[in-house]
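Chains A and B, in that order, are what the protein sequence lines are. Going by the working numbering, 45 is the number at position 57 of the first sequence; the sequence numbering is gapless. Going by the working numbering, 0 is the number at position 12 of the second sequence; the sequence numbering is gapless.
In case anyone wonders, no lab produced these hints; they're calculated from the structure. Heads up, some of the hints might be wrong.
What the hints assert, rightly or not - One side of the interface only, derived from the structure: several residues of chain A facing chain B at Cβ under 7 Å:
{"hint": "1", "residue": "P4"}
{"hint": "2", "residue": "L13"}
{"hint": "3", "residue": "F18"}
{"hint": "4", "residue": "Q26"}
{"hint": "5", "residue": "G27"}
{"hint": "6", "residue": "V29"}
{"hint": "7", "residue": "I30"}
{"hint": "8", "residue": "D33"}
{"hint": "9", "residue": "A35"}
{"hint": "10", "residue": "L50"}
{"hint": "11", "residue": "R58"}
{"hint": "12", "residue": "V64"}
Virtual Cβ for every residue (Gly too), placed ideally from N, Cα, C.
Residues per chain, in single letters:
2 protein chains.
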Amino acid sequence: MKARVHVMLKTGVLDPQGEAVRHALTAMGFDKVEGVRQGKVIDLDLAEGATQADVAEMCEKLLANTVIERYEIEMV
Amino acid sequence: MKARVHVMLKTGVLDPQGEAVRHALTAMGFDKVEGVRQGKVIDLDLAEGATQADVAEMCEKLLANTVIERYEIEMV
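Looking at chain A on its own, in the form it has when it is part of the complex (with noise of 0.2 Å):
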């Protein structure tokens, strides 16, 4: 059993990794790019029975700072 989660900024918080990734491509001559977010991806291994809510709580104690970031869960 596998979840992926995504840990994404949120809206309206700063990100400076995708603005430096935006801007190096920028300037080697990718012109149609408009704007970079960069977030992490998580892929967890589960034991038989583990349920999205306990990937919710892993996230919501460890994974992601909810602050300033959202998270998505995707049960494969």
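Assemble the complex: chain A is given as a structure, and chain B must be docked to it using the hints.
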């Protein structure tokens, strides 16, 4: 137009960041976690006319280190 790029370490490449997350989750009592891999997600806002091939070129040249990382592109 938007693209989402996932950059993950290739299978077999040691992932100390993922391993640290797994260790922390286990120490917090989440005993159903069997493995963790951590990667990057990059959301791109693109001007009209940008193609998946453009994004693949960005990955090859900047976003991923293809010696140790693989990437997946989703156009959304």
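A quick look at each hint next to the structure:
1. P4: Violated. Min distance 14 Å.
2. L13: holds (6 Å)
3. F18: Interface hint status for F18(A): holds (6 Å vs cutoff 7 Å).
4. Q26: Given a least distance of 5 Å, the restraint on Q26(A) holds.
5. G27: holds (5 Å)
6. V29: It holds, given that the least Cβ distance between V29(A) and chain B is near 4 Å, below 7 Å.
7. I30: Hint on I30(A): holds, closest Cβ of chain B at ~5 Å, below 7 Å.
8. D33: holds (4 Å)
9. A35: OK, holds: A35(A) within 7 Å of chain B, min 4 Å.
10. L50: holds (6 Å)
11. R58: Because about 13 Å separates R58(A) from the closest Cβ in chain B, which is outside the 7 Å limit, the hint is violated.
12. V64: Violated - the Cβ of V64(A) stays beyond 7 Å from chain B, reaching only about 13 Å at its closest.
Checked against the numbered hints above, the structure breaks hints 1, 11, 12 and satisfies the rest.
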